[in-house]
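Q: Okay, here's what each chain looks like letter by letter:
2 protein chains.
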Amino acid sequence: MALKNIMLGIDIGGTNTVFGFVRKSGVVLKEYSIPTQSKKPAKDLIKRIKAEISEFLKQNKKTYKLAGVGIGAPNANYYTGLVENPPNLKWGDVNLVEIVKDILGVPVRITNDANASALGEMLFGAGKGMKDLITITLGTGLGSGIIVDGKLVYGSNGYAGEFGHVCIDFRGRYCPCGKRGCLEGYVSATGIVRTAVELLGKRICPSKLREIPSNHITAKLIYDLALKGDEIALETFDFTSQLLGVSCANVAMITAPEAIIICGGLAQAGDLLLKKTKEYMENHLISNYKNQIKILPSGIKKGNSAVIGAAALAWKEFSNI
Amino acid sequence: MALKNIMLGIDIGGTNTVFGFVRKSGVVLKEYSIPTQSKKPAKDLIKRIKAEISEFLKQNKKTYKLAGVGIGAPNANYYTGLVENPPNLKWGDVNLVEIVKDILGVPVRITNDANASALGEMLFGAGKGMKDLITITLGTGLGSGIIVDGKLVYGSNGYAGEFGHVCIDFRGRYCPCGKRGCLEGYVSATGIVRTAVELLGKRICPSKLREIPSNHITAKLIYDLALKGDEIALETFDFTSQLLGVSCANVAMITAPEAIIICGGLAQAGDLLLKKTKEYMENHLISNYKNQIKILPSGIKKGNSAVIGAAALAWKEFSNI
Numbered sequence: 087m088a089l090k091n092i093m094l095g096i097d098i099g100g101t102n103t104v105f106g107f108v109r110k111s112g113v114v115l116k117e118y119s120i121p122t123q124s125k126k127p128a129k130d131l132i133k134r135i136k137a138e139i140s141e142f143l144k145q146n147k148k149t150y151k152l153a154g155v156g157i158g159a160p161n162a163n164y165y166t167g168l169v170e171n172p173p174n175l176k177w178g179d180v181n182l183v184e185i186v187k188d189i190l191g192v193p194v195r196i197t198n199d200a201n202a203s204a205l206g207e208m209l210f211g212a213g214k215g216m217k218d219l220i221t222i223t224l225g226t227g228l229g230s231g232i233i234v235d236g237k238l239v240y241g242s243n244g245y246a247g248e249f250g251h252v253c254i255d256f257r258g259r260y261c262p263c264g265k266r267g268c269l270e271g272y273v274s275a276t277g278i279v280r281t282a283v284e285l286l287g288k289r290i291c292p293s294k295l296r297e298i299p300s301n302h303i304t305a306k307l308i309y310d311l312a313l314k315g316d317e318i319a320l321e322t323f324d325f326t327s328q329l330l331g332v333s334c335a336n337v338a339m340i341t342a343p344e345a346i347i348i349c350g351g352l353a354q355a356g357d358l359l360l361k362k363t364k365e366y367m368e369n370h371l372i373s374n375y376k377n378q379i380k381i382l383p384s385g386i387k388k389g390n391s392a393v394i395g396a397a398a399l400a401w402k403e404f405s406n407i
Numbered sequence: 087m088a089l090k091n092i093m094l095g096i097d098i099g100g101t102n103t104v105f106g107f108v109r110k111s112g113v114v115l116k117e118y119s120i121p122t123q124s125k126k127p128a129k130d131l132i133k134r135i136k137a138e139i140s141e142f143l144k145q146n147k148k149t150y151k152l153a154g155v156g157i158g159a160p161n162a163n164y165y166t167g168l169v170e171n172p173p174n175l176k177w178g179d180v181n182l183v184e185i186v187k188d189i190l191g192v193p194v195r196i197t198n199d200a201n202a203s204a205l206g207e208m209l210f211g212a213g214k215g216m217k218d219l220i221t222i223t224l225g226t227g228l229g230s231g232i233i234v235d236g237k238l239v240y241g242s243n244g245y246a247g248e249f250g251h252v253c254i255d256f257r258g259r260y261c262p263c264g265k266r267g268c269l270e271g272y273v274s275a276t277g278i279v280r281t282a283v284e285l286l287g288k289r290i291c292p293s294k295l296r297e298i299p300s301n302h303i304t305a306k307l308i309y310d311l312a313l314k315g316d317e318i319a320l321e322t323f324d325f326t327s328q329l330l331g332v333s334c335a336n337v338a339m340i341t342a343p344e345a346i347i348i349c350g351g352l353a354q355a356g357d358l359l360l361k362k363t364k365e366y367m368e369n370h371l372i373s374n375y376k377n378q379i380k381i382l383p384s385g386i387k388k389g390n391s392a393v394i395g396a397a398a399l400a401w402k403e404f405s406n407i
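Protein chains in written order, with this note's numbering: chain A, 87 to 407; chain B, 87 to 407.
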């Protein structure tokens, strides 16, 4: 019987690296998680990945063939294969594609995790069958991936899709990147907390949040209080939805996607975020764009999304999926 | 001797329609301008175009062969061939591609004028040799065309690239489109006048502009006064450059173009606009984007740009240019 191709998806984080085998259908056959040990060289991490997966490949050598590897990593450049001085890793500039190719002996591609997510949604998630879509991943920050005519947009420098640092208010909040008014300072777990804290100063209504030191307030806590009717928490989600809605309209009028897919933990905030975001987006679209663009939550099971996204890159590159 | 292919570029405006034959090199062989007569049906306009060009085609039938037509028109949809209820024409929804194909008997494509400009710059202008670029056309309004990986972005609805209606300030100026804070309300001939008028109220410095009714102030007048050192006029260009710079940074971080090309009359404003726009853009880019993206004035002779843009669409579609 012919061997079935599988792809290895690797998602490299500052603390842990997760990886796993993904079939053409998007099914994850096996998933692993190991500490990244970010102070050791990249080569060391890849050798440990090889050690972990060799058992599975040996046991299944009559069924599956590893056909390629897709990697999602911070500051990864699709064109060069480099991971360029990643913020949470002590690697400096390193050509991870070369290293993985040498150690695992199969074709390899790399991009950043947000781009990988976009491919994951198009191949296996909420964007299945679409040719034009955008994913926005809400976590501590805001990541994005842009797909135009079935292809991920990498741009002239390989770094396209930095939607988190688009300026939404040029007189606005300071961002750790050194600029002002970056979208990620408003629409992200961090941004939601900043909005709530600002509103505690601006409003005089009572709120449970007044009893908590501002550096202990979390987006999850604000969400839970919003469900209980806390005014500040509700206004926080309304303002977040407004800015996300305006920004979705803005990017929609640039690449005209069929859908904007919201990923990450906050995508679960349902009516409090996604429904309102859609309303605000519609208000900020010109007439020939209205009632066309969907706002959808991720269609990929939360725990698997990083590995599936990275593997989707390999499926996209090394097969005619 | 083999016949040389030429393309006909047609740019349809509310008042006049210009068209002309363009060679593969981008050279315009002959250009025409006739009144659009927007109250008559579209078919009438195309028949008059045919009457105008037939003499040239007859005289040159041993040298040139008309291989295709590209059309730039307001509210034109690339996918459907429709011009959908164009604002300054009494046509309703009309399939202009079908009409032109029937009357001229050659392959036809259509898009809006701003998209056509982007193709013109890539094939024959400042974007020659680039695969990722954006054009911003500053006139009464603000039009844009986005090219990713050598292809114009049409998006899921055929209307991608409506950068003039991206919101730059959600508490900002009202726009005739019904929204607030649209970029075109700030960065366009109209927007520049609005900024100057606003500043006349905000500032107390003397200005020649105080002697002119606000509905007589023009962008050209403000430009001339800025060159003479008028404070309000200078601040107007500075603010315009700031908003254009922020917006260039924003769109750059989405599709990562090699260059943003500024077209239209205001592109000639040189140091007063383009140089400052570049400075403001750099201030609003994240570190891995800095010092990479060019801001360039159009590389196409002003009078020819509409016809060259429209013909570029035909060259792009109907040859392997």
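Hints were generated in silico from the structure; no laboratory data involved. Do not rely on the hints blindly, as some may be mistaken.
Any copy will do: because identical chains look the same in the list, a pair fits if it lies in one copy or spans two.
Cross-link-like lysine-lysine pairs, in silico, DSS-like; alpha carbons within 25 angstroms at most [what the hints assert, rightly or not]:
1) Lys126 with Lys144
2) Lys187 with Lys176
3) Lys151 with Lys314
4) Lys265 with Lys380
5) Lys110 with Lys314
Q: Work down the list of hints and note, for each, if the structure agrees.
A: Each hint tested on the structure:
In the homo-oligomer, the alpha carbons of Lys126 and Lys144 never lie at most 25 angstroms apart, since the shortest distance is 28 angstroms inside one protomer and 75 angstroms across protomers. When the C-alpha separation of Lys187 and Lys176 is checked against a cutoff of 25 angstroms, the pair qualifies only within one copy, where the shortest distance is 21 angstroms, while the shortest distance between copies is 62 angstroms. For the identical chains of this complex, Lys151 and Lys314 are neighbours neither inside a copy (51 angstroms) nor across copies (73 angstroms), given an alpha-carbon limit of 25 angstroms. Only between protomers do Lys265 and Lys380 lie at most 25 angstroms apart by alpha-carbon distance; the minimum there is 20 angstroms, versus 30 angstroms within a single protomer.
When the C-alpha separation of Lys110 and Lys314 is checked against a cutoff of 25 angstroms, the pair qualifies neither within a copy, at 43 angstroms, nor between copies, at 67 angstroms.
Comparing the model with each earlier hint shows violations of hints 1, 3, 5; every other hint is respected.
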